[in-house]
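Student: Sequence:
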Amino acid sequence: MSLVEIQTDRLRLLVRPDLGAGMAALLLRAPDGQWHHVLRPAPPATGDADELACFLLAPWVSRIAAGKFRFQGHEYALRAQGPDGTAIHGDARHHAFAILDRSPVSMRLGHVSQPHSSSNWPWTYQAVARYEVDATTLVCDLELTNTADEPWPAGLGFHPFWVRRLWDERDEVGVLANFVARFPLLRRLPTGPPIHDELCDGFRRGKHVPAEPLDEVFVGSLDAADIVWPASGVRARFQCSPELSHAVVFVPVNSRGGAASWFCLEPVSMVNDGFNFAERGGSPSGVRVLAPGETFRVRWSVEFRIDAVDRPTGANMTP
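Per my numbering, residue 40 is the first one in the sequence shown, and the count goes up by one each step.
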């Protein structure tokens, strides 16, 4: 196991290069000087990328139905890793990344896939991730390069697991996001074009993260979105590059059927099963086709603003 840390006096990031350069922990210092997790921390000795605080999504996002997709007249088959028989959350998170450079406040890591290896992708690629912390802001850059000799489809994103409560147990976490429309899903796969509905309006006004399960995909960038922990007085403000045009909201339940201690608000570039959705003429899929040698880049940053909301009720979040 390897662990690389960067930090400021208010923000601390721990990364696992051996698990796809994913985050093991992200901690924010409270006004009393104590450190608190803002993402669900990974178990210290885990070898499973699914247990990370946040993992990188490349070269595709979310699920591919039955692990198969068509592109430019050919069918491609991937190993299905999901319990539902889908190929899920990309390939990069299952590979070790090399540390390319680092400083006390930044690091850059990369992975170069090889043909006929353990890669779960028909083509070769290079993925590079860069993290930087500045005061209470985390900046994440992710790039994907087509190193094959033919074009292929691509998607990128980030899969963070946010805690429901920070340092005040009265926190009722809320999300404010400018979602445009929601995709109709069957078994978490899109069945048609996105539709504007009441759930979109709820998030646009500001909505408490529900206790009931939720797993939805939206059109609409998370740029300028907020996560609010009102009792702790913390607001996390997102900034996203335009390519991160879609978003996933995932709210699970725990083993007893109650609300889990975490939820996911994910900036992504494409819809679930986007390659097949695009092949059927679906829009907007968000799928990017990379020519040989072309690089796809996205950026996501989060600024944590402390004492930025009225405590303890927050900013008029709706149920």
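Please note that the accuracy of each hint is not assured.
[What the hints assert, rightly or not] Label-pair restraints from in silico Cβ distances:
(1) Tyr115 with Asp240: 30 to 40 Å
(2) Asp346 with Glu189: 35 to 45 Å
(3) Gly231 with Ala116: 23 to 33 Å
(4) Pro143 with Val292: 32 to 42 Å
(5) Ala174 with Leu139: 36 to 46 Å
(6) Trp74 with Ala299: 19 to 29 Å
(7) Arg118 with Asp140: 40 to 50 Å
(8) Glu189 with Glu251: 11 to 21 Å
No lab work stands behind these hints, which were simulated from the structure alone. These numbers come from a predicted model, not from an experiment. For every residue, glycine included, the Cβ atom is placed at its ideal position computed from N, Cα and C.
Student: Which numbered conditions among the earlier hints are violated in the structure presented, ordered from lowest to highest?
Tutor: Violated: hints 2, 5, 7 and 8.
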